[in-house]
Amino acid sequence: MAWWIRFTAGCTLALSGLVTPGSGAWAQNVQIASLTDVSFGTIASVAANRTASQTLCVYSGVTNYTIRATGSGSSGAFTIGIVGNSAAQLPYTVQWASTGSQTAGTQLIAGQGSRFTPNPLNLLCSLGSLLASSASLIVTLPATNLSAALAGNYTGTLSLMVSPN
Amino acid sequence: MLFIAKNRVRSSVMVIAMLSSVLPVVSAHAATQGTIGATSTGTVTINATINGLVQISNLSDLTFTTLDGTTDAQLTENVCVWSNTSTRSYTIRATGDGASSAFTLASTGHSPVPYSVAWANSSTATAGTALATTTASAAFTSTAVTPLCVAGASPTAKLFVGITGANQSTMVANAAYTGVLTLLVTPQ
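Protein chains in written order, with the working numbering: chain A, 1 to 165; chain B, 166 to 353.
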């Protein structure tokens, strides 16, 4: 029964975001989900940009949302590094699109918020609404940065915070 | 007086990308999903492995035009070698196109003429380390930090090619001698 109640509340919230402007505490909620790790694999040529894009879910109970991306580099920079070699840093770029399956979007600046409008079908991620409430995350390793990078295994974390706007 | 019409050593560019000892990253992390709330935060791990890579560039053909049959002759050219390894090191292996990969110039109907090859990892060097055909050199270090020496010192190395006076004396006047020298660079 408890599960049913929560499910009902979720549906109500979903319809609120879909049909009418949100109101009340629940309507101010947001969610980002369906994220997957980004692996560029083994790079044997540094002459071209490497891009990885993914479709994920963003729900916003209000008209717009802000996405703020922060890297694990110094001062939140978008860089990945070689473990044990702090001097080896590989900068990357982050783009965001408010629809899914995109390979280009709005460039994000590390630590700064960017405002987007959610999909018209703005459903809760928990309702399996990836197709409806989707967005695109595009991560690129520019050739110029690859050319200047040392050989090795690079890793880092990208944090994405969504807030109502 | 011995006249040599065109004694040419053509150097060919060969760029080799070699796997270094790096292995693909196995991430200890996995993406985290945001929960619904006043704000929601998710994270992704980003991984990339860059192979050990090198590139040799700025090579051009060499032509001996003033051989007199007695005086040792040497031509040089400044080239660029880039290596992305942590030490910026590389080895170079030179291969001639003579018999058994010998460093020789050929001329139809005439005996091949040996030449020597040396390498220095500075464009200002006045002498280099002699190279033996098909044998990798000891490691050299490049100062280039991007391919084609766009950044860092450019050029970074010097190629020396020589023909001794004694070998010149075996050459036939007005005959064209030619050969191909292949330079293989490997990251270290």
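Honestly, the hints are just simulated from the structure, not real lab data.
Take the hints with a grain of salt, since some may be wrong.
Derived CB-CB ranges, DEER-like [claimed, not checked]:
#1 N64(A) / A195(B): 25 to 31 Å
#2 N339(B) / T144(A): 22 to 28 Å
#3 A303(B) / I109(A): 44 to 50 Å
#4 A318(B) / G41(A): 28 to 34 Å
#5 A316(B) / G84(A): 51 to 57 Å
#6 G330(B) / N85(A): 48 to 54 Å
C-beta atoms are modelled at their ideal positions from N, C-alpha and C, and glycine is treated no differently.
Item to check | Enumerated hints in conflict with the structure, sorted upward | outcome: 2, 5
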